[in-house]
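Take the given structure of chain A and dock chains B and C to it, following the hints.
If you read the sequences in order, they're chains A, B and C. FYI, our numbering numbers position 72 of the first sequence as 72, with every residue one higher than the one before it. Add 1000 to the 1-based position in the second sequence for our numbering, that's all there is to it. Add 2000 to the 1-based position in the third sequence for our numbering, that's all there is to it.
The hints are all genuine.
16 Å max Cα-Cα, derived EDC-like pairs, lysine to aspartate or glutamate:
hint, chain 1, residue 1, chain 2, residue 2
1, C, K2094, A, E128
2, A, K8, A, E55
3, A, K94, A, E128
4, B, K1068, C, E2055
5, B, K1068, C, D2052
6, C, K2068, A, E62
7, A, K68, B, D1052
8, B, K1094, C, E2128
9, C, K2068, A, D52
10, C, K2094, C, E2029
11, A, K68, B, E1055
12, A, K68, B, E1062
To be clear, the hints were calculated from the coordinates, so they are not data collected in a lab.
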Amino acid sequence: MQFQVETKKKMEILDITEQLKRILPEQGEGALLVHIPHTTAAVTINEGADPDVGEDLVRHLERLAQGKYLHREGNGPAHLQASLIGPSVLVPFKGGKLELGTWQRIFFCEFDGPRTRRVQFRLLAGLENDEQ
Amino acid sequence: MQFQVETKKKMEILDITEQLKRILPEQGEGALLVHIPHTTAAVTINEGADPDVGEDLVRHLERLAQGKYLHREGNGPAHLQASLIGPSVLVPFKGGKLELGTWQRIFFCEFDGPRTRRVQFRLLAGLENDEQ
Amino acid sequence: MQFQVETKKKMEILDITEQLKRILPEQGEGALLVHIPHTTAAVTINEGADPDVGEDLVRHLERLAQGKYLHREGNGPAHLQASLIGPSVLVPFKGGKLELGTWQRIFFCEFDGPRTRRVQFRLLAGLENDEQ
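If we strip away everything but chain A, and leave its shape as in the complex, we get (with noise of 0.2 Å):
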């Protein structure tokens, strides 16, 4: 299943974590696979606290890519910002709850900006015999 996002600059850092809580299952554990299918985005986890850690990745990422790129079409530093940071997290969930740390948010990362992007996820399966 999937829910989209609007995104409103060339590089931004979208929180989607009360999207993700409101899909999972209040019973049973496993672990919340979300899945970003385009090739200039990205999801991350970082400090939602202070929206100044979203800028300042975002401004470390844009310094991190600068160069020369020969894909023509003007966004390879997105493309190599989306390898950098990856497509996908997985997050462990319990009892209708995501097992974030205190500080942990989920954040969409938007490298070629502004577009309509897709947010995938899939609930994978805790092992049955996992007493831990």
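What follows is chains B and C alone, placed relative to chain A:
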């Protein structure tokens, strides 16, 4: 389970999507874990239509890893690149198809070739009571 | 479930492979999700035979994160490093053994220590009708 790939250059991006498609079950849903059991190689998802995207990835990872290394085997940059890109991808599937975006392909990343390399995979189960 | 690690430096790479091996079930197959519930730490897989590889990783992540940060807590570089390396690894297992490559070890990555940190884990189920 696993299959092999033969790399021909020091650094190389190889599209392994077709080999991975063949191992999916015809029915059911879950996620395909692709794990690279090497410490100087990795796996990523990016655009496959324009081969320049992979070439850009190689060149910029080479740039980002420049500098001095303590590791005496001469492949210090490859170890850094392996951790920056990561040893695995996890892709949702359903009804025999990988749920990749239109432009997404799965790439084996060689950082210290040429070598014979292994690609491991494991099918993970979707949650049975997943009604989304 | 989880266990704790105590880090002793600002930046440090700690091998946690042995603790993780102990939590595997003797039978069955699936994947072990290792999740770090912190925003200035991460987890990666790399070579463990030569400790210089971990030291190189620390030094080059320090280099890559140099520059100015808006985040006022002084640990801006650690937040960037956390997103570059990522908060989780997913390792296939079978018959009580992690399916790591010969040289692969799992490392907790401290980027803003010294601190007491948590390592969360969850066993995920392999697909039952997986005949590969």
